[in-house]
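Chains P and V are the protein sequences, given in the same order. Every letter in the first sequence is one number past the one before it in my numbering, and letter 184, counting from 1, is 184. Every letter in the second sequence is one number past the one before it in my numbering, and letter 924, counting from 1, is 924.
It is worth saying that the hints were derived from the structure and are not from the lab. Quantities reported herein were computed from a predicted structural model and do not represent experimental measurements. Misleading hints may appear alongside valid ones.
Stated by the list, open to error - Computed cross-link-like contacts, DSSO-like style, restricted to lysine-lysine with a CA-CA straight-line distance of at most 27 angstroms:
no., chain 1, residue 1, chain 2, residue 2
1, V, K77, V, K109
2, P, K164, V, K839
3, V, K7, P, K133
4, V, K852, V, K928
5, V, K562, V, K534
6, V, K7, P, K176
7, P, K186, V, K509
8, V, K77, P, K164
9, V, K560, V, K509
10, V, K852, V, K919
11, V, K895, V, K852
12, P, K133, V, K560
13, V, K919, V, K895
14, P, K186, V, K77
15, V, K721, V, K534
16, V, K2, P, K176
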Amino acid sequence: MVVPSPTEVSRLLVDWGKGDRAALDELIPLVYDELRSLAGRYMRRENQGHTLQTSALINEAYLRLVDQKSVQWQNRAHFFGVAAQLMRRILVDHARSRLRAKRGGGVQMVSLVESGATSEEVAEVIALDVALKDLAEMDPRKSQIVEMKFFGGLTTEEMAEVLKVTSRTVEREWRKAKAWLNRALKQGATNEA
Amino acid sequence: MKPERWKQVDELLEAALDCPATERAAFLDRACSGDEELRRELESLLISDGEKGVFIESHPAGVAADLFTDKLPKPGKGERIAHYEVLGQIGSGGMGDVYLTRDTRLGRKVALKLLPPSLTADPQLKARFFREAQLASALDHPNICTIHEVGQSSSFLFIAMQYVEGATLKQIIESRPLKLDALLSISLQAADALAAAHDQGIIHRDIKSTNIIITPRGQVKVLDFGLAKLTDVSGREGVSKAESELTRTGAVMGTPSYMSPEQARGERVDHRSDIFSLGVVIYEMASGDVPFKRKSQAETMNAVINEPHTPALEFNREVPSALSATIDRALSKDPADRYQSMGEMLRDLRQVGRAVGLLGSSDSQGAVIPYVPLGRQSARRWMWAMALLGLALLVGLGLWFSSLPPRPQPSGPPPRAIPLTSYVGMEILPAFSPDGKQVAFSWDGEKGDNFDIYVKLVDTGTPHRLTTHLAEDSFAAWSPDGSHIAFRRHTHESDAVYLIPSLSGPERKLADIFPRLMGNTVGGDGLAFSPDGKFLAVPDKDSAREPFSIMLISIETGEKRKITSPPAGSVGDNTPAFSPDGSELAFSRMSGQGVEDIYLMPAEGGEPRRLTFDNRFNKHLDWTADGREIVFISDREGGTGLWRVSASGGTPEPLLTAVGYNITRLSISRQGNRLVYTQNFVDTNIWRAELAGTKGKVSAPTMLISSSKDDSAPQYAPEGKRITFRSDRSGSLEIWACEADGSNPVQLTNFSGPKVGSPSWSPDGRQIAFDARPEGNPDIFVISAEGGRPRRLTDDPAEEIAPSWSRDGRWIYFESNRNGSMQTWKIPAEGGEARQVTKGGGSVAYESMDGKFLYYTKGRNVVGIWRVPVEGGEETLVVDTHKAGYWSAWTLVEKGIYFMTAEQPARPAIEFFSFSTGKVTEVVALAKPFRPWTNPEGLSVSPDGRWILYTQEDRSDTDIMLVENFR
């Protein structure tokens with residue numbers, strides 16, 4: 001993989017910030033590749049519990065990809081917004097291939113750790129992805145907030161920056177989105193059963 | 001639902017959520033007014049809002065981690081695992097596959113052993129793995145394959161090991177006995193490696209011929225220390241499910257042929273089990289095969305436990321009987337009958353080595369073991385050689401090998417430092433983030449104009465700028481959760497401690513602190529976050545007269561609490577560092593410039609315990625990750641270097657020295673394997689400016705005395721024909737002298753130790769007084785202007801510096817804190833009793849030309865030059881514009897005083913204060929600004945008044961260096 005230069009990514013971020021939509025199209029694959037490769041070789045942090053934090057991953061991708069001198073901190077929020085979207089894609093793809101493997105599909109993916117929680121979580125991620133698509137059709141902003149918070153680990157302030165709304169609005173939207181998703185996910189579970 | 005409808009629902013939902021719960025029903029009645037569907041929708045959403053515990057509330061981390069870690073791909077060529085790029089698979093062992101990789105950071109080849117993720121699933125097992133492997137990675141022996149790093153990627157636990165080219169001993173033996181030379185060399189090296197490990201309390205548990213690599217030149221490398229325990233079926237304590245599964249797979253069962261009987265029985269083992277296994281390996285080299293080998297593992301184990309072995313002699317008559325006896329003893333069934341230590345076995349092996357001429361007859365315990373190269377196929381084996389070449393040739397080859405000069409054994413690789421930053425300007429005060437992946441530091445930027453806090457990933461990337469304020473931001477310290485960085489902001493008026501999110505964001509001022517004076521040698525340095533995240537430790541004080549104490553500032557309230565009380569008259573306590581568990585605080589206590597020692601105290605407060613007794617520059621410390629040692633910077637052996645000392649006391653040991661550089665600050669990652677420090681390269685030179693040119697014309701200043709290093713503190717000889725100065729061009733700071741035109745420099749002193757300086761010429765031009773620190777604390781010395789043996793003039797535990805002669809040559813004035821404060825003293829030039837001259841503070845002093853007055857400054861903290869009658873009396877302030885910080889950059893002539901000034905930092909100059917007019921005029925505009933941390937010591941005017949000498953910093957570069965695999 002050709003590693004994009006920090007200036008290249010920075011330029012795309014700045015251009016996109018100025019409203020150049022094509023810049024985003026160029027940016028997405030670069031960030032996606034970086035996130036995926038980072039996720040694949042992510043060193044777990046010994047001192048901070050044993051979890052892979054998506055926000056840390058995104059932060060690292062940001063530090064790797066972006067030349068900090070040429071971008072504003074607002075650009076960072078936008079980067080995080082995009083990264084959260086990509087993180088969702090990566091996680092959901094992962095979850096789906098995992099599910100296929102479990103069902104004896106063609107994908108050879110041997111799981112050595114078979115914890116019950118994992119398969120449950122896998123199903124949850126996929127269910128959330130589906131529910132979010134429904135939500136996005138009615139209310140894209142709420143869907144984006146959930147995406148940024150859950151998959152990207154963005155803080156309320158960062159989300160406010162991305163969406164150009166107040167933190168209070170983000171919090172209210174999050175609460176309502178949660179109420180809707182709670183219900184949708186529960187209904188989904190019932191339907192399946 | 002249609003977006004329009006949803007919009008309606010959404011608005012009403014928001015309003016309903018704002019209603020108190022008791023009023024919601026009424027609100028819904030009103031709002032829905034008959035639209036039952038709308039009401040049901042809202043009600044169910046409100047119910048859902050009241051429910052808890054759907055997973056989107058939880059942190060997504062667990063999901064992500066699980067998703068990423070359950071996959072076990074076989075890494076392909078070019079793929080990366082952490083910062084290792086896979087080049088190809090080179091083996092697969094019981095515990096996992098081994099890959100040849102390239103360390104992308106250091107560019108070297110590394111063998112990477114990947115362990116199955118099942119290990120990661122069980123926290124107990126994983127913790128044990130890290131414990132064992134980290135213990136093993138501390139082993140430093142030429143015959144032990146170095147473990148560079150033990151780490152974890154999303155899919156693997158891995159061990160990064162030194163990549164050793166060579167063959168396994170098993171491959172070399174190939175079922176045939178080895179030549180005696182080779183056998184003994186390998187046995188001795190392996191035994192030496194094991195003895196070293198046993199001394200560290202590490203048992204290998206899986207010594208076998210496939211775990212021993214022989215390099216082409218015959219060096220032994222023992223592999224896989226510390227791993228065996230993980231597969232050890234006998235270690236029953238706390239065997240978890242995953243662990244027993246791991247051992248059940250058989251693949252990791254180990255090889256019963258090399259097991260000791262107690263191991264085969266599943267009993268606890270100690271180091272004597274390794275002695276047995278090494279006996280098996282030596283037997284294998286001597287006879288061509290292992291002593292116990294049966295059809296099944298169970299039968300083999302049974303043989304190990306119950307059956308006697310056939311002596312190796314019976315397979316190979318050339319085995320000396322002493323060697324056969326050594327093997328037999330090692331193979332005793334009962335550990336009590338074996339050698340009781342590897343050292344004991346090593347002694348017997350050495351005996352055999354001497355008897356057959358591999359080792360010299362005077363060979364002692366510590367002598368080097370010669371390697372026997374194994375690259376020549378033709379010379380490797382007894383049988384093969386005998387059959388083909390005949391005995392005569394064999395003897396010839398034997399002699400050839402035996403007469404090879406013993407190779408000096410390379411000691412373990414010293415820690416190697418590579419630049420982490422090498423930007424223009426100064427990158428200083430690095431601090432590792434808690435996860436060890438980022439470093440925060442202070443950088444004066446590409447323009448070199450303003451220090452701000454930057455953060456950089458260790459592996460890659462450009463630095464991310466956190467602060468932009470015009471003040472000097474430095475001393476970054478991470479909060480334990482990595483979310484914030486504390487730093488110090490220094491302006492001309494004040495210092496304060498701030499907090500900023502580590503990913504940028506608004507700053508928050510926490511507390512004002514006493515301004516640290518310019519320069520890094522005058523105290524007040526440091527900032528440390530307590531591991532519980534509640535406090536910052538920082539040197540602080542209420543007034544200039546007090547020494548710095550360590551204060552704890554509460555993160556929550558900004559309140560301060562003083563926890564140390566250094567003695568009055570000292571500079572005070574600096575560079576605090578909390579132990580990793582937060583229980584202790586280490587700091588350096590500074591009694592004078594460059595006179596510091598390290599202390600430890602309970603972090604809660606309490607009596608400090610002194611750890612070093614050097615009276616030298618000992619500071620900028622940090623704890624090792626295990627909390628057992630403190631690494632610090634010291635000039636205890638000349639140039640600054642990194643040293644380590646046990647937190648429980650003892651003699652410090654050198655860790656790393658960087659010749660020709662100034663090491664100025666360090667930080668150790670909490671993971672323990674990385675260390676960063678800054679190294680400062682300064683080139684100062686002595687310049688000459690013309691004060692009174694012919695016919696009113698003044699030529700431009702010229703560089704008179706220069707090297708690529710520190711040349712400073714020039715002084716004209718009384719007749720003006722020579723100049724004395726100090727320089728570290730020969731490796732350490734020494735006193736030098738040269739002609740007035742800078743030619744013919746001669747080194748006068750040879751201390752090879754820490755700072756030597758302040759040379760001052762006697763009025764008759766025959767002697768030079770100076771200060772030096774052969775025992776750490778500075779004293780005054782005198783040396784002949786022609787060189788020779790220096791004569792010690794003062795011998796007081798206090799700090800005594802900056803000598804200058806009385807005009808009649810009978811006295812030498814100097815600065816001393818022997819009575820608790822810095823005062824000017826004088827001592828007969830021939831030696832004798834010293835007398836205090838000043839009372840209200842006195843530093844660098846010069847007697848007036850007529851010998852009636854003494855002019856002096858009062859140290860860095862006080863602005864001005866004073867004078868007092870030599871015979872005693874009241875002091876008077878002569879000139880008050882001389883800036884603190886440049887306290888030694890002035891000189892006295894008959895008509896006035898020349899001094900450097902930095903009143904306007906952008907316009908440094910040499911100025912002249914005229915005694916007759918009382919006015920200050922600028923005489924030389926200087927090309928380069930002063931750096932606060934260098935001391936432009938010494939101005940000197942030629943006796944004819946035409947020239948003035950000064951020191952200028954012509955180049956300064958400070959970079960952050962990274963030491964990987966620090967242990």
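Verification of the hints:
1. V:K77 to V:K109: With Cα atoms ~14 angstroms apart, V:K77 and V:K109 stay inside 27 angstroms; holds.
2. P:K164 to V:K839: 67 angstroms, violated
3. V:K7 to P:K133: Holds, because 17 angstroms separates the two Cα atoms, which is no more than 27 angstroms.
4. V:K852 to V:K928: 36 angstroms, violated
5. V:K562 to V:K534: This hinted pair holds, its Cα atoms lying about 15 angstroms apart.
6. V:K7 to P:K176: Distance of about 12 angstroms is within 27 angstroms: holds.
7. P:K186 to V:K509: 47 angstroms, violated
8. V:K77 to P:K164: Cα-Cα ~45 angstroms, so violated.
9. V:K560 to V:K509: Holds. V:K560 to V:K509 sits at ~14 angstroms (cutoff 27 angstroms).
10. V:K852 to V:K919: Judged against 27 angstroms, a Cα distance of about 22 angstroms means the pair holds.
11. V:K895 to V:K852: Given that 27 angstroms is the threshold and the Cα spacing comes to 14 angstroms, the pair holds.
12. P:K133 to V:K560: Violated. P:K133 to V:K560 sits at ~53 angstroms, over the 27 angstroms cutoff.
13. V:K919 to V:K895: 12 angstroms, holds
14. P:K186 to V:K77: 45 angstroms, violated
15. V:K721 to V:K534: Answer violated: V:K721 to V:K534 is near 63 angstroms, above 27 angstroms.
16. V:K2 to P:K176: Holds, because 17 angstroms separates the two Cα atoms, which is no more than 27 angstroms.
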